[in-house]
Amino acid sequence: MRVSLTVNGVDRVVDGVEEHESLLHLLREHLDLFGTKNACEQGECGSCSVYLDGVLVCSCLVAAGQAEGGTVTTVEGLSDDGILDPVQQAFIEAGAVQCGFCTPGFVLAAHDLLRHVPDPDDAQIREALSGNLCRCTGYQKIIDAVHRAAGR
Amino acid sequence: MDTITTVGTRGRVGEATPRIDGEPKVTGAFAYASDLHREGMLFGATLRSQVAYARIHSVDTSGAAATPGVVAVMLGSDVPGKNRFGLNFFDQPVLAEDVVRYSGEPIAILAASTPGIARQAIGRIAVELEELPGVYDMEKALAPDAPRLHEFGNVLRHVHIVHGEPDTAEADVWVDGYYETAMQDQAALGPEAGLAVPAEDGGVDLYVATQWLHVDREQIAPCLGLPEDKVRLHLAGVGGAFGSREDIHMQIHACMLALRTGRPVKFSYGREESFHGHVHRHPSRIWMRHGANRDGRLVTLDVRLMFDGGAYASSSPAVVGNAASMAAGPYEIPNVRIEGTVVYTNNPPCGAMRGFGAPQVCFAHEAQMDKLARALSLDPVELRLRNAVSTGSVLPTGQVVTGAAPVRELIERCVAIPLPEPEPDRGRDLMHYPGGAGNVTHGEGIRRGVGLAVGYKNVAFSEGFDDSATARVTLARTPDGPEAEIHTAAVEMGQGLYTFLTQVVRTELEIDRVELHAIDTLIGGAGSTSASRQSTMAGGAVQMACAAVREALYGRARARTASVPPGAELALGDGWVTCDGAPLVELGDLLDEPVSCEAVYHHRPTGNLDENGQGDIHVSFAFAAERAVVEVDEDLGLVRVLQVAAAIDVGRVLNPLGLTGQIEGATAQGLGLGLMEEVQLRDGVISNPSFTDYLIPTILDMPPVVSVAVEDPEPGAPYGLKGIGESPTIVATAAVVAALRDATGRELNRAPVTPDELVGLRGPATTSGPPPIPEVPGQKSVPFYFGMSSGQQKIM
Amino acid sequence: MSYLRPTSWAEALAARAEYPEAVVVAGGTDVMVEINFGRLHPSALLDLSRVGELRALGREDGHVRVGSGVTYQSIMRDLPGELPGLAAAARTVGSPPIRNRGTIGGNLGSASPAGDCHPPLLACGAEVEIASVHTSRTTPVADFFVGPKRSVLGPDELIAAVWVPAATGPQTFSKVGSRNAMVIAICSFALALHPDVGRVGTGIGSAGPVPLRARAAEQFLEGHLGETGAWESRPRLGDAVVDEFARLVAGAAQPIDDVRGSADYRRHALGVVARRSLMWCWDEFRGGRP
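If you read the sequences in order, they're chains A, B and C.
At the far end of the first sequence sits residue 152, using this note's numbering, and the numbering has no gaps.
At the far end of the second sequence sits residue 796, using this note's numbering, and the numbering has no gaps.
At the far end of the third sequence sits residue 290, using this note's numbering, and the numbering has no gaps.
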């Protein structure tokens, strides 16, 4: 089937999408946008998080057809021509990145939190990021990064 | 919490340096193995056995082969070289031909034009299997009538260590204990993946996420029937590893299909296949008996330990060697007997995971120390301080600790970290109670507990391995000034190695611009990124290569300027060669031709265990102490960890930013084994191969880790450093469970602790006593005595 | 395979009638997992996410009509005052991105015994509004589930909405899980007091083939509160009453052993959370009386 959508500000028309495919597959396999990660395909790890029409979602749980006519922002769309989003900058500075596989998802989730709660406390950060698994950092530096980004 | 130092420094050794791959990782540009793609590439898929032990009668691939889009289907009989690989021994088939020995074992592979077709076609392969009575219990594997899973039987290795006079030693107080730990999954976020590209010379280029390129190649080439120089490995982005990428998973399969089809072939496992596709942490059973004098001095220790190696050897022989040799913990005990066995079963293969045998024994010896302290009416901290090893101590293997061993300082500094502030019993935010948003308590049933654990880990490979590392450093002139390039085969998997290597070059050559060459097998091996060794080994090699570059520069400086008096001291500084402190010549002027030097770093040689298990087998040791504070809902058995205090023996802080990240992450994995992580098996079949059912700690499960880095430089190591990737994991499980015991008063001799156990519905793990000690030809792995070739030894 | 994308309720029902074998997908948080893992190979997907009517909240006769396409996030945000038990349950579902997508209708439609919305809906006496092109009917939530992942929903039917009586007394929901976030319930329990009609509602999740009511516990407590005039006098509840209630809740469970927990633990934990839930609700009802 054909899916038309806007990804990171660019209108895209994708042909040959199979009906059972997820938005995650559409992004990775059809649009070569590999920043959105596939780590569980169950909505348990948050690595595939994107914005769909401004709402944070696990792209592995969105049928590609559900994104028809929609607006998607992936991690690639957060930075602009080498200018990093403050959340991205804060993740680097705080040491919140190790292997980095979970990082795009965490960056999106932190970005979404700060849109709604500009200066969150630890408890708010923990609840907001509870859908993202990280196996490297033990999470403390990620919390540090969100605090750091909140100041900008 | 250690505070974060401002970044943006020049990034020399010891300075907080942001990671060099940070930007591509936060923007999504970093190419992990699963992100690789080539024009015209095919997608691989694997048919795996769904039963644990069976004879293969027939495999019918016609349905799969006839599926439109399928380009090739291959079986064990299609393996071009020998159908065997393995990290320690070549005992594992690339594709099972006659027998499958574990659930998840690959039987067939295929390549198709899309991942969907590949997956669909796998379902069209018909396999006729005859199930065989298997062995699923490590003790039953020792029974005389147990099915023999390999020609040499079910015992893979037995280690026997006797030190002093354990049979006759007398003590005032005796403490017995039995302990179990579960199979743990590394659960790296990036599943296994790689891309094989056929080359014009008949060879193959493999882009893969691995921990050790050269040992992969050493196993791949013979299976492909190719000389090693025709198998070139290139490191793809690694999404975490923790031991799970030390073994072969999709490497040979992808290469076989690429060579057969003449097209690039990519494998990219999903989460479920990842659980079947890599080795796990060994489940353990450990029996311990400690004897001590009334004054709290340890006198004697008797240990019997068993590890379940699963169906194939992987690195199990080395794991059990580690576990046995470190079973006494970081304590001086004059009389010790340790009997350690690892057996084959029909469970999934076990191998390397962070800690490599040490977490299991730490869980046991630390529980014993607390038991002993109670029996002696002694403060458990004091008991540990009285027996802690220090430089000069003798270990159960007879090895003398020659390096830094600040164990007493670690314990003292750990327990000196302030306990977390008390919180009110009632009226907290739900998230601050065990069970979180689940809303199961508003303060009812809450009990606090505190537990301490001390442990240690060998740094680098032991028992005679010479796991050297090679590095080449090339200094060239660029329009932006002198720039160095580092070439190694050392793998970065998230821990910050590459950033550290650039710090080494900046420190040694006094320049700012450092680049990394792609990581591949076009240079000599660097050994595995594991065993807390790679900063020492690759760091040492880069440091040596820099020294050679420096000497070459001095030679050029002397040749160029007549004004250097004999005996004058040359140095580097700010892009200049200086002579007795005065600028002599600018580096750029010496670099008409680049300077390029290669160096190989070896750690000091180690020996093997003699017939009594005595030997100087380990290179050096890293120690750690952690204290956990928990709250338990004693009616529901739910847990919230409030704080982990950590004092870690680091040798020297290399990069404060990376250091605390390693401590916190390593602690989280140990905490996971203590509280929730268990690969559950039913007749050898994993019943929870997903992130819905295999739980790892979330951000709401991890407490703040308050850490102290204790700097006591390791003699002979570059910058006095010690690897710290593993030691916090080792102690975290033991500390968390000790805190649970303190909170509940229950025995809790098994990790992970379940809610049933915390409320008393399930009693402690029981045993009818240690199993008999198997008869083996010697201290080495049993297959060795049967003439089986060994994997790693050959390339050492 | 077909992908059906109705944009109105009428179109959705027509599509359902035409493709009874289609798998219905709304938030996708259950269905897509099954598809991703290769456990479900639907011949058609019926995507309800564009049916605007299903996202509406309405009020009528003391009931809240929750459209089947209302997300957990919306329930948490918009209904904590009227439906506190359901809102508390919604907060325990998955994680923020899951709650942004997952819907109450999907929770019911999947009919998992572990569905987090089910216990509070049972405790509140909610009814499910079911429609086909031909008919519309409502069925009590208690009669909706017929087995693990099976409901009374016919092949041509869709869930339109859930009718939930607005709370007239305290409600609570508790979910026992072995991790402090993002966990499927080992067991769960909801309690709702309905002082206006002298009724007590309960719901048990993840401890039987279907979500369960603890009817004996409800009857026992209703009897005690009615006979002693406690709805009016609001005295402290004696330990014996609380203990018996907890015992009856635990006894109503029909749990099994699985990867998440043992049957014994489930029964035990239900007793504990039943006791605590009653204490919290009753204390709230007493409103700080000594």
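Don't read these hints as lab results, they were simulated from the structure.
Backbone N, C-alpha and C fix where the C-beta goes; we use that ideal spot for every residue, glycine too.
A hint or two may mislead.
Unchecked claim - Here are a few chain B residues that face chain A, going by a calculated C-beta distance under 8 Å:
{"hint": "1", "residue": "D35"}
{"hint": "2", "residue": "L376"}
{"hint": "3", "residue": "A476"}
{"hint": "4", "residue": "P479"}
{"hint": "5", "residue": "L700"}
Hints, verified against the model:
A hinted interface residue such as D35 (chain B) counts as satisfied when its beta carbon comes closer than 8 Å to some beta carbon of chain A; here the least separation is about 4 Å, so the hint holds. Taking 8 Å as the C-beta contact cut-off toward chain A, the hint placing L376 (chain B) at the interface is violated, the least distance being around 35 Å. With 8 Å as the threshold, the beta carbon of A476 (chain B) stays out of range of chain A, its nearest partner Cβ sitting at about 26 Å, so the hint is violated. The beta carbon of P479 (chain B) is not positioned within 8 Å of any beta carbon in chain A (closest approach about 20 Å), and the interface hint is therefore violated.
Taking 8 Å as the C-beta cut-off, the interface hint given for L700 (chain B) holds, the closest approach to chain A being about 5 Å.
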